[in-house]
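Trainee: So the chains spell out like this:
Number of protein chains: 2
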Amino acid sequence: MHNCEIICVGTELLLGDILNTNVRFLSKELAAMGIAVLHQSVIGDNSERLANEVRTALSRSDIVITSGGLGPTPDDLTKEICCEVMGFELTVDKKVLNNIESYFRSKGISMAASNKKQAYIPAGGTVFRNDNGTAPGAAMEKDGKCLILLPGPPRELEPMFIEQAKPFLKKYSSGSIISHTVRTMGIGESALAEMVGDLLGNKNPTVAPYAKDGEVLLRITAAAVDEKSAHELCKPMIEQIRARLSSYVYGIDTDSIEQRVVELLSEKGKKIALAESCTGGYIAKRITDIPGSSSVFDCGIVSYANQTKVDILGVSPDTLEISGAVSKQTAAEMAQGARRAGNADIGIGVTGIAGPGNDSSNKPAGLIYIALADKDKTFVDKLITGRSFDREYNRYVASSYALNMARLYLEGFLGG
Amino acid sequence: MHNCEIICVGTELLLGDILNTNVRFLSKELAAMGIAVLHQSVIGDNSERLANEVRTALSRSDIVITSGGLGPTPDDLTKEICCEVMGFELTVDKKVLNNIESYFRSKGISMAASNKKQAYIPAGGTVFRNDNGTAPGAAMEKDGKCLILLPGPPRELEPMFIEQAKPFLKKYSSGSIISHTVRTMGIGESALAEMVGDLLGNKNPTVAPYAKDGEVLLRITAAAVDEKSAHELCKPMIEQIRARLSSYVYGIDTDSIEQRVVELLSEKGKKIALAESCTGGYIAKRITDIPGSSSVFDCGIVSYANQTKVDILGVSPDTLEISGAVSKQTAAEMAQGARRAGNADIGIGVTGIAGPGNDSSNKPAGLIYIALADKDKTFVDKLITGRSFDREYNRYVASSYALNMARLYLEGFLGG
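So the protein sequences, as listed, match chains A and B.
The letter at position 185 of the first sequence is residue 269 when you use the working numbering, and the numbering goes up by one with no holes.
The letter at position 41 of the second sequence is residue 125 when you use the working numbering, and the numbering goes up by one with no holes.
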């Protein structure tokens with residue numbers, strides 16, 4: 085398997101002014117081609133450091149890809165440095181020069197003299213034309229090493245890679261690396277790792293847990309001669325994990341819990357209604373993120389005030405007086421009220437303290453009650469996030485928990 | 085000036101599964117402290133490559149910061165490798181162990197044995213406690229070099245850096261680079277650039293426009309011997325920009341338009357209520373993201389279905405029949421209905437087509453009506469986003485537009 089290294093050139097990356105989306109794009113593409121990316125690095129517009137980085141990269145990797153530093157200004161140095169390191173001459177390419185001139189003509193502006201610098205290409209290399217800008221890319225091969233130069237702007241780099249660099253790299257491709265993701269909720273990373281502990285040392289596919297706010301993902305990655313075989317390798321592993329983790333698994337390669345809930349509601353022809361206090365519309369927002377959610381969701385009430393809970397949801401003033409707004413009983417009545425107000429099959433009610441810090445009651449921030457009501461029964465769960473000062477986390481995790489409760493109900497795991 | 089190198093550890097970064105937001109966050113913070121980041125790199129969970137990278141980094145940089153690889157699983161190696169390279173022993177820290185145990189207790193789950201690994205810290209180093217997870221961070225100093233270990237999840241890394249690593253690094257800081265952001269809405273990037281065109285070439289502070297979904301930011305950046313002097317350099321520039329852009333400016337260094345709206349409502353002692361159709365709870369979610377929003381926001385209705393618009397908001401069935409759900413008149417009645425249902429001073433109503441693609445009516449996705457009602461008047465605006473296939477963009481921009489309408493009203497710019 086060939087290995088590859090990506091060097092992104094740009095002071096704006098070192099200053100943290102922009103996110104490095106190029107490296108993610110290239111890494112994902114290369115992984116799918118079966119080319120292993122073992123190093124990524126970022127370097128500024130400095131000739132000495134850049135030359136060192138390129139030399140080091142070529143000493144340990146078969147393929148080196150750079151992005152950025154191909155522009156017309158004097159601090160764009162990548163092409164010059166890379167040619168020096170690889171021992172290639174730079175010569176003017178008439179065709180590239182014509183392309184640059186006609187690019188400017190098409191935009192109705194005249195070409196600056198500095199743009200002529202971009203028409204110089206490595207003699208004996210391969211040129212990648214730039215359909216979305218003026219800097220061409222290039223590839224150089226020598227002594228079993230391959231160096232590829234790509235422009236920095238994503239809208240130039242991405243099509244140039246897909247249409248020209250990727251076909252060029254095909255000969256270095258060795259099979260495919262494919263990843264699948266098993267998504268779970270309701271179990272912590274360590275507890276999950278213990279349930280599948282013996283699988284975490286597996287070689288092909290590999291299995292790696294990865295915790296994200298309120299959920300744990302298991303990434304199954306296989307390498308094989310082609311995509312199909314890589315998928316085949318993943319399959320039995322996914323089935324084994326799914327069997328062990330049972331109801332904790334909410335989806336395989338699913339985008340999100342809300343995606344799964346909308347799918348389940350559609351399949352079963354059921355509608356959901358919401359009554360949100362501490363999540364303040366977050367669950368409604370997440371459900372309506374999904375195209376087509378209008379067929380399963382009619383009505384959500386954000387009842388931040390007690391009066392709204394009474395007026396619109398029909399929560400009893402006695403309940404609010406005796407149990408308080410943040411209580412099991414209030415959550416239950418909110419879920420029932422949402423179901424009624426929205427003429428839905430299922431109602432969800434969420435009430436809690438989002439933080440940061442505690443409120444005037446003696447209840448801690450991060451304490452949240454979540455209820456689900458159907459026509460016969462009401463289920464209520466209590467969630468303690470343990471992060472009293474993290475409002476965003478508490479609200480996100482509470483909304484996830486509520487969505488997962490709906491998922492468990494629709495899959496027949498609740499109160500079974 | 086001290087220089088610094090950032091090493092992010094994680095196979096998921098090499099595979100392009102996630103965007104590297106940590107490196108951007110750290111680079112930005114370090115630049116503001118006057119610490120020069122000259123290299124960024126990413127390495128997988130591989131002990132040999134990681135050890136080589138750390139050794140190289142320490143040979144050329146004063147400060148090396150790692151992120152990731154501090155978890156409880158066997159492939160989390162960063163701490164072990166870094167201690168080996170720096171020549172520090174690992175010892176169990178009782179306090180850290182207690183913290184981890186109580187973290188699990190607070191969540192009502194028992195600690196897995198593997199989590200004990202996280203209680204080992206470099207003997208003679210400085211420990212950074214983790215308020216948002218179980219892996220502590222650490223700093224080691226030896227022979228004029230400083231190595232800092234931070235956890236991978238941004239939610240853990242960011243507060244740990246700000247509260248503990250940043251004060252620790254203060255002694256390496258030299259001079260300051262300070263940025264301020266003028267935030268505008270209601271004007272495009274090119275039009276704005278023309279209004280402040282002569283300022284964009286300024287040297288210190290620099291002024292750079294930066295377009296973000298539905299708004300344009302101007303970043304003013306000054307370099308000086310200390311923070312105070314850098315702020316002083318920015319001040320007159322900010323005032324000049326504010327004077328020119330007038331009502332387009334909604335805040336200086338404000339986090340968001342929702343932050344500004346909640347501030348204005350609080351100042352003026354007014355309450356807002358919402359009726360959301362295409363934004364589906366997004367506005368409610370954004371308002372309730374702000375701590376303290378409960379004093380200005382009681383009630384939001386997500387009326388995805390026509391029946392909900394009639395039943396809860398009192399929109400006239402005739403209006404829906406004649407003008408349609410996506411119309412100026414429906415938006416107006418929704419705003420009025422929200423105001424009534426929520427007993428509020430101001431009601432907001434939003435109805436439109438979020439996409440992707442057009443719905444069964446002949447109206448295009450990205451067409452959205454936004455209304456604001458007070459006790460006397462109702463204002464309605466029509467927004468055409470022009471991106472029919474971008475549901476998230478349409479919903480976000482519509483919610484921003486509605487929030488900006490509330491801001492303009494509260495500042496006296498609407499219907500003045």
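Since the hints were derived computationally from the structure, they do not count as laboratory data.
Glycine included, every Cβ here is placed at the ideal spot set by N, Cα and C.
Be a bit skeptical, because a hint or two may be false.
[Stated by the list, open to error] Cross-link-like lysine-lysine pairs, in silico, DSS-like; alpha carbons within 25 Å at most:
(1) B:Lys112 to A:Lys412
(2) A:Lys296 to B:Lys229
(3) A:Lys466 to A:Lys412
[To be verified] Residues on chain A that point at chain B, a partial pick, calculated with CB under 7 Å:
(4) Pro156
(5) Thr157
(6) Gly365
Trainee: All hints are to be evaluated individually against the structure, with a verdict given for each.
Mentor: Evaluation of the provided hints:
1. B:Lys112 to A:Lys412: 44 Å, violated
2. A:Lys296 to B:Lys229: 33 Å, violated
3. A:Lys466 to A:Lys412: 8 Å, holds
4. Pro156: 18 Å, violated
5. Thr157: 15 Å, violated
6. Gly365: Hint on Gly365 of chain A: holds, closest Cβ of chain B at ~3 Å, below 7 Å.
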